[in-house]
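Asks: Model the full structure from these sequences, guided by the hints.
Protein chains: 2
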Amino acid sequence: MNPIVIKVGGSEGIDLDALCADVASLVHDGVPLVLVHGGSAETNRVATQLGHAPQFVTSPSGFTSRLTDRKALEIFEMVYCGSINKGIVERLQMAGVNAVGLSGIDGRLWEGRRKKNIRVLEDGKIRVLRDSWTGTVDRVNVDLLNLLMGQGYLPVLTPPGISEDGEAINVDGDRAAARTASALGADTLMLLSNVPGLLKAFPDESSLLREVAYEDFDEAMEFAEGRMRIKMLGAKEALDGGVGRVVLGDARNGQPVRAAMDGVGTVLMGAAK
Amino acid sequence: MNPIVIKVGGSEGIDLDALCADVASLVHDGVPLVLVHGGSAETNRVATQLGHAPQFVTSPSGFTSRLTDRKALEIFEMVYCGSINKGIVERLQMAGVNAVGLSGIDGRLWEGRRKKNIRVLEDGKIRVLRDSWTGTVDRVNVDLLNLLMGQGYLPVLTPPGISEDGEAINVDGDRAAARTASALGADTLMLLSNVPGLLKAFPDESSLLREVAYEDFDEAMEFAEGRMRIKMLGAKEALDGGVGRVVLGDARNGQPVRAAMDGVGTVLMGAAK
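Each protein sequence line maps, in turn, to chains E and F. Last residue of the first sequence: number 302 in the working numbering, and the count goes up by one each step with no gaps. Last residue of the second sequence: number 302 in the working numbering, and the count goes up by one each step with no gaps.
No lab work stands behind these hints: they were computed from the structure. For clarity, every value in this text was computed on a predicted model and none was experimentally measured. Mixed in with the good hints there might be a few duds.
All copies of an identical chain are treated as equivalent in the list; a pair is satisfied when it fits inside any one copy or across any two copies.
What the hints assert, rightly or not - Listed below are the simulated SDA-like cross-link pairs for lysine to any residue, each with C-alpha atoms no more than 25 Å apart in a straight line:
hint	residue 1	residue 2
1	Lys229	Glu266
2	Lys265	Val171
3	Lys100	Asp269
4	Lys100	Gly125
5	Lys144	Phe231
6	Lys100	Ser69
7	Lys145	Met123
8	Lys154	Pro225
9	Lys100	Leu79
10	Lys154	Asp291
11	Lys144	Met123
12	Lys229	Asn31
13	Lys100	Asp245
14	Lys154	Met30
15	Lys144	Arg120
16	Lys100	Arg239
17	Lys144	Arg95
18	Lys100	Ala253
19	Lys265	Ser236
20	Lys100	Ala50
21	Lys229	Ala76
22	Lys229	Arg143
Replies: Okay, here's the thing in C-alpha cells:
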C-alpha cells in the first residue's frame with residue numbers, strides 16, 4: 030500500500046490539534062502516511078520578537094518567498110525543527126502514534142542545490158541578492174523513510190533541506206512534499222492550508238474550484254494568488270512525478286485529512302495514462 | 030565494536046566546531062559513535078530575549094536544575110531541537126558524516142516518568158512546585174538507534190524526553206547520555222563540558238583529579254560543584270549500568286574526543302569485575 034503524503038501549512042488559523050487527531054485515527058486504521066509541515070506564522074512571530082523581522086521577496090516570475098540570510102535561516106530552523114516539529118511529534122505520541130521528526134538535513138533527507146544568488150523584483154526592477162540560504166529539493170532519501178516506516182514509525186518532515194555541500198537551505202515545504210510524494214510513489218498528495226482550496230475569486234470561499242483536469246492546469250493557475258501559486262507548482266510537479274492526485278484542502282478544523290481523502294477541496298488529477 | 034557515547038554540554042565556551050571536526054575524523058576512522066548534546070547557555074539567551082528569563086531551582090539534595098513550566102519547556106525544545114541539534118547535524122554533514130538528529134520524544138527514544146510536582150529548596154525551606162515539565166529517562170529505544178547506526182547514520186540526540194503519556198519532558202542530558210551508554214553497552218561514556226574535569230579546588234584548573242576508582246566515588250563527589258554534581262551522578266549511573274569507564278573532559282578546544290579517549294580529564298573506572 031503506497032503512503033499518502035500530507036503537507037500541512039504553517040499559516041494562521043491552521044488547527045494542528047485537529048490535524049494530528051485525524052492523522053492518528055488514520056494511522057490506527059492502518060493507512061500509511063508521511064506528514065510534512067510548515068511554520069511560517071510562528072517563525073514570523075519569533076523572528077520579530079528576536080529583532081530580526083521577516084522580509085519577503087518576489088521572484089521575476091511572481092513567486093513570493095522568505096528572504097533568508099543566515100540569521101533568518103537559523104531562526105527559521107529553530108522554529109520549524111524545534112517548536113513546530115516537536116509539537117506535532119508530541120501531539121501524535123500522546124495519541125499513540127510513534128512519530129519521528131526529521132528535517133531535510135537529517136540523513137540528507139531532502140538534498141538539492143543552494144541558490145546563493147537569487148534574482149528578485151524590486152520596484153519593477155530585477156536585482157540580485159547575494160548570500161541567500163535557499164535552494165531546491167532534487168533528491169529524497171527514500172531509503173531512510175522506508176527504514177523508519179518499515180518499523181512502524183511515522184515520519185514527520187520539515188524544512189530546511191540540505192545542499193550538496195551539507196549546508197542547511199530553506200526549501201519550500203509544498204514542493205519538498207511534492208518531491209517526497211513522487212519519490213515514495215504516493216497515490217495522493219494533500220496540500221492543506223488555511224483556505225478551502227483553489228478559489229476562482231480569492232478570497233471568496235464560495236468560489237472554490239472543485240476539480241482541475243491535468244490539461245486545464247494552466248487555466249486554473251490564473252486564479253492562484255500568493256502562496257497558492259507555489260502550491261499549484263508543487264501539485265503540478267507531483268502529478269508530473271507520477272502521483273495520482275493532489276488535493277488542495279482546508280486544515281482549519283474538522284477532520285482535515287479524511288475530508289481531503291473524500292475529495293473536499295480542489296482535486297487535481299494526473300494526466301490520463 | 031561497541032559505540033562510544035559522547036555527551037557535549039551547552040555551556041559558554043564549548044567549541045562545537047572543534048567537537049564536530051573531531052567526531053567526523055573518528056567516524057572516518059570507523060569508530061562507532063552516538064552524540065548527545067545540551068544547549069543551556071543558548072536557551073538562556075533566547076528565553077531572556079523572548080521575555081521569559083530562565084529560572085533555576087535547587088532540590089533538597091542540592092542539585093540545581095532549570096525551572097520548567099510549559100513555556101520554558103517550549104523555548105528549551107525550540108533551542109535544543111531546532112538551533113543546537115540542527116547546527117550540529119549541519120556541521121557533521123558538511124564534514125561528510127551522515128548525521129540524523131533526534132530528540133528523546135522522537136520514536137519514544139528516551140522514555141520515563143514526568144514529575145509534575147517537584148520539591149525545591151527555597152530560603153532553607155522545602156516547597157512543592159506544581160505543573161513541572163521535567164522527568165527521568167527510564168528506557169532507551171535501542172532498536173531505533175541500532176536501526177539507524179546499522180545503515181551508517183550517526184545519531185545526534187537531545188532532550189527533551191517523553192513521558193509514558195507522550196508528553197515532552199525536560200530530562201537531564203548527562204543522565205540521558207548515561208542511560209544511553211548503558212543501554213547500548215558502550216565501553217566509554219564521555220561527558221565533555223567547559224572545565225577540564227572534576228576539580229579538587231574548583232575553579233582552580235590545576236587541581237584536576239585525573240582518576241577516580243569506583244570505590245572512591247563518594248569521596249570524589251565531595252569536590253563536585255554545581256553542574257559537576259549531576260555529571261558525577263550520571264557517571265555513577267553509567268558505571269553501575271555496565272559502562273567500562275566514564276571520562277569527564279574538556280570541550281573548549283583542540284580535539285576534545287581524542288583527548289578524552291586518551292584519558293585526558295577525569296577518568297572514572299567501573300567496579301572491578
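Asks: Indicate, hint by hint, whether the structure satisfies it.
Replies: The hints, checked one at a time:
1. Taking the closest pair of Cα atoms, Lys229 and Glu266 come within 25 Å of each other only inside a single copy of the chain (21 Å); across copies the shortest separation is 64 Å, beyond that limit.
2. Only within a single protomer do Lys265 and Val171 lie at most 25 Å apart by alpha-carbon distance; the minimum there is 21 Å, versus 41 Å between protomers.
3. Taking the shortest Cα distances, Lys100 and Asp269 never come within 25 Å of each other, neither inside one copy (35 Å) nor across copies (44 Å).
4. Taking the shortest Cα distances, Lys100 and Gly125 sit within 25 Å of each other only across copies (24 Å), while inside one copy they are farther apart (36 Å).
5. Neither within a single protomer nor between protomers do Lys144 and Phe231 lie at most 25 Å apart by alpha-carbon distance, with minima of 31 Å and 49 Å respectively.
6. When the C-alpha separation of Lys100 and Ser69 is checked against a cutoff of 25 Å, the pair qualifies both within a copy, at 15 Å, and between copies, at 20 Å.
7. In this assembly of identical chains, Lys145 and Met123 lie within 25 Å of each other by CA distance solely across copies; the values are 16 Å between and 40 Å within a copy.
8. In this homomeric assembly, Lys154 and Pro225 never come within 25 Å of each other (Cα to Cα): the closest approach is 34 Å inside a single copy and 57 Å across copies.
9. Taking the shortest Cα distances, Lys100 and Leu79 sit within 25 Å of each other both inside one copy (10 Å) and across copies (16 Å).
10. In this homomeric assembly, Lys154 and Asp291 never come within 25 Å of each other (Cα to Cα): the closest approach is 45 Å inside a single copy and 60 Å across copies.
11. Taking CA atoms no more than 25 Å apart as the test, Lys144 paired with Met123 passes between copies only; the shortest distance there is 17 Å, against 39 Å inside one copy.
12. In the homo-oligomer, the alpha carbons of Lys229 and Asn31 never lie at most 25 Å apart, since the shortest distance is 32 Å inside one protomer and 61 Å across protomers.
13. Neither within a single protomer nor between protomers do Lys100 and Asp245 lie at most 25 Å apart by alpha-carbon distance, with minima of 41 Å and 48 Å respectively.
14. In this assembly of identical chains, the alpha carbons of Lys154 and Met30 never lie at most 25 Å apart, being 49 Å within a copy and 60 Å across copies at closest.
15. For the identical chains of this complex, Lys144 and Arg120 are inter-copy neighbours only, at 19 Å across copies versus 35 Å inside a copy, given an alpha-carbon limit of 25 Å.
16. For the identical chains of this complex, Lys100 and Arg239 are neighbours neither inside a copy (41 Å) nor across copies (41 Å), given an alpha-carbon limit of 25 Å.
17. Taking the shortest alpha-carbon separations for Lys144 and Arg95, only the intra-copy value of 13 Å comes in at or below 25 Å, while the best inter-copy value is 40 Å.
18. When the C-alpha separation of Lys100 and Ala253 is checked against a cutoff of 25 Å, the pair qualifies neither within a copy, at 31 Å, nor between copies, at 38 Å.
19. In the homo-oligomer, the alpha carbons of Lys265 and Ser236 lie at most 25 Å apart inside one protomer (21 Å), although the nearest pairing across protomers, at 66 Å, exceeds that limit.
20. In this homomeric assembly, Lys100 and Ala50 come within 25 Å of each other (Cα to Cα) only across copies, at 23 Å, whereas the closest approach inside a single copy is 34 Å.
21. In this assembly of identical chains, Lys229 and Ala76 lie within 25 Å of each other by CA distance neither inside one copy nor across copies; the values are 33 Å within and 44 Å between.
22. Taking the closest pair of Cα atoms, Lys229 and Arg143 never come within 25 Å of each other, the shortest separation being 34 Å inside a single copy and 50 Å across copies.
The structure fails to meet hints 3, 5, 8, 10, 12, 13, 14, 16, 18, 21, 22 from the earlier list, while all remaining hints are met.
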